[in-house]
Amino acid sequence: MLPAERVQKATGLRLFWYTIWARAYPRIIGSTREKSWLFFETVLPLMGTASYVFVYRAIGAPEAYTGFVVLGGAMTAFWLNVLWAMASQLYWDKDGGNLELYVVSPGPLMAILLGMAVGGILMTATRAVIILGVCSFLFNVSYQIASLPLLVLIFVVTMAALYGMGMMFASIFLAAGREAWHISNLLQEPIYLASGFYFPVKAMGFWIATFASVIPLTLGLDAMRQLIFAGDPTLGFLSVEVELIILLVLSVVFIYGAIKMLAKLEEIGRREGRLIERRR
Amino acid sequence: MDTNLAIETNDLGRVYRLRGPKRKGDAKQLVALDGVNLEIRRGELFGLLGPNGAGKTTVIKILATLLLPSSGVGRVEGLDVTRDVQEIRRRISMVSGGETSGYGLLTVEENLWMFARFYGLDNVTARKRIDALLEVVGIADRKRTKISDLSTGLRQKMNFVRGFISDPNVVFLDEPTLGLDVTAARDVRGFVKQWMHDHPDRTVLLTTHYMAEADELCDRLAIIDRGKLLACDTPENLKHRLQREAIFNLKVGPLGPKPSRDAMIEAVPGVRQATIVEQNGHTELNLILAQEDVLSNVLAHLTRRGSSLISLEKREPTLEDVFVDLVGRRLDVDTSHHAEGEHAAG
Ligand SMILES: Nc1ncnc2c1ncn2[C@@H]1O[C@H](COP(=O)(O)OP(=O)(O)OP(=O)(O)O)[C@@H](O)[C@H]1O
Ligand SMILES: [Mg+2]
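Just so you know, the protein sequences line up as chains A and L, in that order.
Per our numbering, residue 1 is the first one in the first sequence, and the count goes up by one each step.
Per our numbering, residue 1001 is the first one in the second sequence, and the count goes up by one each step.
Please note that a few of the clues may not be correct.
Calculated pairs, SDA-like style, for lysine to any residue (alpha carbon to alpha carbon, straight line, at most 25 Å) [stated by the list, open to error]: (1) K9/A to K1028/L; (2) K1146/L to K264/A; (3) K1128/L to D1149/L; (4) K1146/L to T32/A; (5) K1146/L to V118/A; (6) K1028/L to I228/A; (7) K9/A to D1198/L; (8) K9/A to W1195/L; (9) K264/A to D1198/L; (10) K9/A to D1149/L; (11) K9/A to L1299/L; (12) K1251/L to A1263/L; (13) K1128/L to I28/A; (14) K264/A to L1299/L; (15) K1193/L to G1138/L; (16) K1251/L to L1299/L; (17) K35/A to D1198/L; (18) K1143/L to W21/A; (19) K9/A to L1079/L; (20) K1193/L to V7/A; (21) K9/A to E1109/L.
The hints are simulated quantities; they were obtained by calculation from the structure and are not laboratory data.
Bear in mind that the values here come from a model prediction, so they are computed numbers and not experimental data.
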């Protein structure tokens, strides 16, 4: 039988920490159990990347573009993850009956969202590394890294901004319900184009590049390319330092936005009975 | 504010705004709860009994801080459900029947561990409690089964464990035995009773459709219908209300076409409630009579309608009878079928 004494329960920051990892866990363990995910999230971006490489080679594009595409392809995995596994996750969790239990538990909703993000980043990072490794080997890409610490910093800040945006989307998508699918579909392809997954964003011209910069991957990718393929003149929509600052601002805005939206969502949900309704 | 009260509601009301396509003249809102007053003491196993749509789940969701009341006040351990949300969440848990929570890829143990962490349990404590509780509900051997591979009953037992893993003060159980077979339902009820016995200072609020379940489990219960509380007492006292009345089950020959209103059985003086079910070739009548001697009037009425008595049984009042007496209809799971039967026979 159960021991009679009361259970000690963490609160505050420790509870926040527990909650993040508890929610990250199914993401991390899940992908080792569901092999089809590995296929969709690795092989598909890999094929997309490879086809661009072949197109570039066929039309005689500069050899440097191969490297750009490979890096872009690896980062695509993160974008897909944010779109399909972050933004729509609360919606699924509501559908499955988990959201209610998340809300009644003392673990903060924001920690739950962060857990989803952490799990997503870790899992997707393995995919990105696979894509990067396989393509670099296949297409014989050479890298000239200007500053590794700066590169890591840019990557981290890009992830913060990107998943911050994903967390904010999660609330919006939940409020929008089924319509959200269309938004996701709508966003997927144009973003590939505009944010320069497959070629330097600078080539898109100033205005499109500026608009596309709202998506954190755009500047993150441009900055990372500048650092990895140092000295290529087609790169550098803005300087790495400026891009870093903008990315920092974006992450603060998105994460702050996510916190606010989530609080709002819970408030409206409790008032209008949206947390408890079942669609099925 | 009484500190010995685990749950207290004061004129609690909830109105849902109805969304979605509406035709002209359709109601824009629905009153799900209307002036509900409840006082549940610490250590009580309290039941909410009512038909579909009565408002049982709404009460639970308000008390569990998932839904705001439209009017009135709700308190859990003296804390206000509107304001003291975080503090309440630390002390409560909720399990609903037919729940599909968790992630199918996780094992039973992993799924429970995840929820335990949301409540701030450290690793060692979480694992210890998972093992102990799985043992108690008899599914320790399923610890490493993926939850997508569990049957409904096993899954519900797992959900149950989740509800108790965090050592809550107040547990909300919304139709916990929904969809379970007799054995599984008995196990679940047994577990609740045992837990209450081992933790005399804890409180359970449970909703149910099943009269027998309410009768067996609950220290006290409230009968609720259409958002209103009709009665609140111990099962014994509720049944005691019907002590003066006489309750009969009759089996009679076919009653023929539905007569006019004042020729129905309900119109016989002294008949308080009558529920009538047509069953292959005969009719079953369940009557609550003001006194026993009203029976002769009923029999005379049946003779006049050309029906003959097949069997007759007098019995002790059950909660079902109390419910019929208060609500005016039976609490059948399948209400639509029943309404038809009444209509045809009336
Ligand atoms: N989110 C919602 N939006 C609109 N109406 C709702 C909502 N939830 C419940 N209702 C309505 O409120 C009333 C009470 O519902 P509730 O779920 O509390 O009843 P219940 O007693 O739990 O019924 P059941 O036995 O079927 O579970 C019903 O008429 C129901 O249709
Ligand atoms: Mg209900």
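Consistency of the hints with the structure:
Of the supplied pair hints, the one linking K9/A and K1028/L is violated, its CA atoms being roughly 44 Å apart against a limit of 25 Å. A hinted pair counts as satisfied when its Cα atoms are at most 25 Å apart, and K1146/L with K264/A does not qualify at roughly 35 Å. Taken as a hint, the K1128/L and D1149/L pair is honoured in the structure, with Cα atoms around 24 Å apart against an allowance of 25 Å. A threshold of 25 Å between alpha carbons decides the hint, and for K1146/L with T32/A the separation of about 14 Å falls inside it, so the pair holds.
Distance hint between K1146/L and V118/A is fulfilled; the C-alpha atoms sit about 23 Å from each other, no more than 25 Å. Restraint check for K1028/L and I228/A: the C-alpha separation of about 60 Å exceeds 25 Å, so the hint is violated. The suggested pairing of K9/A with D1198/L holds, with an alpha-carbon distance near 20 Å, which does not exceed 25 Å. Distance restraint check for K9/A and W1195/L: the Cα-Cα separation of roughly 20 Å lies within the 25 Å cut-off, and the hinted pair is therefore satisfied.
The straight-line distance between the Cα atoms of K264/A and D1198/L is roughly 40 Å, outside the 25 Å bound, and the hint therefore fails. For the given pair, K9/A sits about 31 Å from D1149/L by alpha-carbon distance, which is inconsistent with the 25 Å threshold. Restraint check for K9/A and L1299/L: the C-alpha separation of about 65 Å exceeds 25 Å, so the hint is violated. A distance of roughly 19 Å separates the Cα atoms of K1251/L and A1263/L; the hinted pair therefore holds under the 25 Å criterion.
Between K1128/L and I28/A, the direct Cα distance comes to roughly 23 Å. Compliance with the 25 Å bound is thereby established for this hinted pair. The hinted pair formed by K264/A and L1299/L fails the criterion: a straight-line CA distance of about 64 Å is larger than 25 Å. Distance restraint check for K1193/L and G1138/L: the Cα-Cα separation of roughly 15 Å lies within the 25 Å cut-off, and the hinted pair is therefore satisfied. The straight-line distance between the Cα atoms of K1251/L and L1299/L is roughly 11 Å, inside the 25 Å bound, and the hint therefore holds.
For the hint linking K35/A to D1198/L, the alpha-carbon distance of about 45 Å lies beyond 25 Å, and the restraint is violated. Taken as a hint, the K1143/L and W21/A pair is honoured in the structure, with Cα atoms around 21 Å apart against an allowance of 25 Å. As the CA atoms of K9/A and L1079/L are separated by approximately 19 Å, the hinted pair is consistent with the 25 Å bound. Proposed proximity of K1193/L and V7/A is supported: the alpha carbons are some 20 Å apart, at most 25 Å.
Simply put, K9/A and E1109/L have alpha-carbon atoms about 19 Å apart, close enough for the 25 Å limit, and the pair holds.
Checked against the numbered hints above, the structure breaks hints 1, 2, 6, 9, 10, 11, 14 and 17 and satisfies the rest.
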